[in-house]
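My request is simple: use the sequences and hints to build the entire structure.
Going line by line, the protein sequences match chains A and B. According to the numbering used here, the first sequence holds residues 460 to 772 in order. According to the numbering used here, the second sequence holds residues 1181 to 1633 in order.
Treat the hints with caution; some may be incorrect.
Below, computed lysine to aspartate or glutamate pairings styled on DMTMM-like, alpha-carbon distance capped at 20 angstroms [said to hold, decoys possible]:
{"no.": "1", "chain 1": "B", "residue 1": "Lys1456", "chain 2": "A", "residue 2": "Asp540"}
{"no.": "2", "chain 1": "B", "residue 1": "Lys1373", "chain 2": "B", "residue 2": "Asp1349"}
{"no.": "3", "chain 1": "A", "residue 1": "Lys520", "chain 2": "B", "residue 2": "Asp1271"}
If you want the footprint, here are the derived chain B segments under chain A, 3+ residues with CB under 8 angstroms [what the hints assert, rightly or not]:
{"no.": "4", "stretch": "1265-1271"}
{"no.": "5", "stretch": "1275-1281"}
{"no.": "6", "stretch": "1623-1632"}
Rather than coming from a laboratory, the hints here were simulated on the basis of the structure. Nothing here was measured: the structure is a model prediction, and the numbers come from that model. Ideal Cβ positions, reconstructed from N, Cα and C, are used throughout, including at glycine.
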Amino acid sequence: MTLLIENSAPRTQEKTPRIRGKVRLREHLMGWLFVGPFGIVFLALLIAPLAYALYLSLFQKKLIGGTSFVFLDNYAKAFTDPSFLSGSWFVIRFSLVSIPLQIIVALAMALILDGVTSLFTRFSRLMIFLPYAIPTVIGAVMWGFLYSKSFGPLTDIFGMFGATPPDFLSGNLIFYGLVNVVTWQWAGYYMIILYAALQGIDPALYEAARMDGAGKWQIALRIKIPLIVPALLLILVFSLIGTLQFFNEPQILRFLAAGTISSDFTPNMYAYQQAFALANFNYGSAISFALGGIVFVGVYAFLFITRKRRSFL
Amino acid sequence: MKKRLPAAAAILVTATALVACSPGEQGGGSTAASGNGASNCTNTIPKKNLPVVTMWGWYPNMQLVVDNFNKQNGEVQVCWTNVGQGSDEYDKFQTAISAGTGAPDVIMIEMDRIPTFQIQKSLVDIKKYGFDRVKADYGDGAWKDVSVGDAVYGVPVDGGPMAMIYRKDLFEKYDITPPKTWAEYEQAAQKMKDAGGPQFGDFAANVSALTMALQIQKGAVPFTYDPAQPSSIGIKLNDQASKDVLDYWAGLVKKGLVGTQDQFTPEYISGVINGKYATYISAAWAPGYLTGAGVGKGEDTGKFAVAPLPQWDPANPVQVNWGGSAFSVTSQAKNPELAAKAAYGLYADKESLTQGWTNQIIFPLNLKALNDPAFVDLKVAFFDGQQANKEVYVPAANAYKGVTYSPFGQYYFDAMTKQVTALHEGSVTGAQAADRLQEDVANYAKEQGFTAQ
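Spelled out as structure tokens, the structure:
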């Protein structure tokens, strides 16, 4: 270290272009060094696996006949594969129902917590956020038991009125069962993001609005919500990406209802099944990339539509 | 201060780079260890100077079996891990095969999966490693189930002769005698339902191997395969017998006589414990599984009994198998001969076998146990002292003829699960479900390069 200081000491006096070039080079090097840690991790853990998966997806491996280069055949197959298409359609439908629901719940809670100041605010905030702190796998297991006809409370609750409880793990209701799990898990997290955005609004605006005669509802609708639109759009993008890649919850609940939740329930599960159960890494990679394509198109379209209203990305 | 920055940065970068690199190296190291080394054993190896063979298995008494083997063997020691039961283990094995590393030397697999892994050349023919010494220990049917052509890909351990487990208390309460045919089974189910009783059984979507066995019982031959012509396979999943069996069970479901609950779930087990199902069509290993899951304890002690599997044609009874497993040597074994020694020796000593069958954990295929009067005459505690082996399981095992399994078992079973689910929803008939299954699996076979016939 001492050596470095001594070496760099004359730097301020000598100003010949050659030395300056050296300095610039060193500064460049410094830049790369700073980027290095991130760059190495980024390349090794994201770009390299992605490139390898892309490479894999261009081949086909058969039990009889071995591996051959098929270029885009796997993608052509994916987009005509009923399993992939029905899985994709499921996650799209799921997004259309669950995302608005999550955002409405999160927004309502954030507005309430922002509007009410009492001892309970802090406690409630923590409680609402808590489900997010529970790992999704544990959450799914927990809901699996809550939905259970034998162990869950539903049987008792409905039994009091002499009714049969709905079976959220059956084919008809699994959609809503999962919507509920996801909303429970994520609404609190989105609430925190929205709440933070609300806290960032200048209170002077409210005062001005009140002087102009605005009520609480009007302040919420006309001032608060418009001002947190960027945060709303941010969580929309988060939830869109997350929901299209739906995996954890159905994969866990599958242990309780393998008949209802088939191995091709969502595209991600189908990719997993192809790669790890059927040893078809090539097709599994192709499905992953095809899903990536759908996510990209969805998010890009969304960002394009909302390009004037957002302040991020 | 400012001038120190470069040095500090350099150190930081080096440190970060080291940190960034080391997890990868450690990760690689530990994977290798769990695969081929011996650092991650569940058991403790008593003779540390001997070579070690790694193995995966999930028998409930595996720890004891491995300890017995290690104690008695002077050549090799076994390092055992339980990486999960059934599909969980197969998925891991499949991944290790694709990766080319990470598989154990010896693996416990169900016999119906042997062709699936054999066709990927991930199992070793163990015929040349001392097969002659143990050949006489197992029956011909058992050897057939672990062979593909002339090559032997596993050492038989336990079989799954099927029978009908039922609740004595419920049968007495509703005045029902154990049905001998499937027609009687349906009548009994109807009788129980009319009297306000519980469901008579369960037709689950997630036990395709069971559904397949029931179809085979009626005469279905799902797959024909000649290893001499590996690229050609006969697939017949929509013959009349297969359709009939699906329609029969779909009919029971529709009439509300049997449930559709997935098996091997807490929900199903609690149903069994609470007397929600009067019968459980299952294999000889079921009592051990049920006991382990907490069935037949406390006030439920001795409520269960077992009767032979109902027949389609009582004049020509057919016995079938569900499950049954073997120890195979994987092609990743560094020393196949040593691994084969472990595979042949594990669960073959008297102590382990006796412990296994006494607790109904396995239905042994080893003739030393199968012909042991103590085993045959055993009064099984789970069945309230009934001589279940003598009355039901041993005759069923002796009459079992063996089956040809497919080299894409996982896909076939998944596809079957899908069709049975559709059947439950009532969107298809049994016949349609069988036709769709045939189309689905035949397409997959074609995709995988087979010529389907």
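These are the hints, each one checked on the structure:
no. : hint                     : result
1   : B/Lys1456 with A/Asp540  : violated (40 angstroms)
2   : B/Lys1373 with B/Asp1349 : holds (15 angstroms)
3   : A/Lys520 with B/Asp1271  : holds (17 angstroms)
4   : 1265-1271                : holds (count 3)
5   : 1275-1281                : holds (count 3)
6   : 1623-1632                : holds (count 4)
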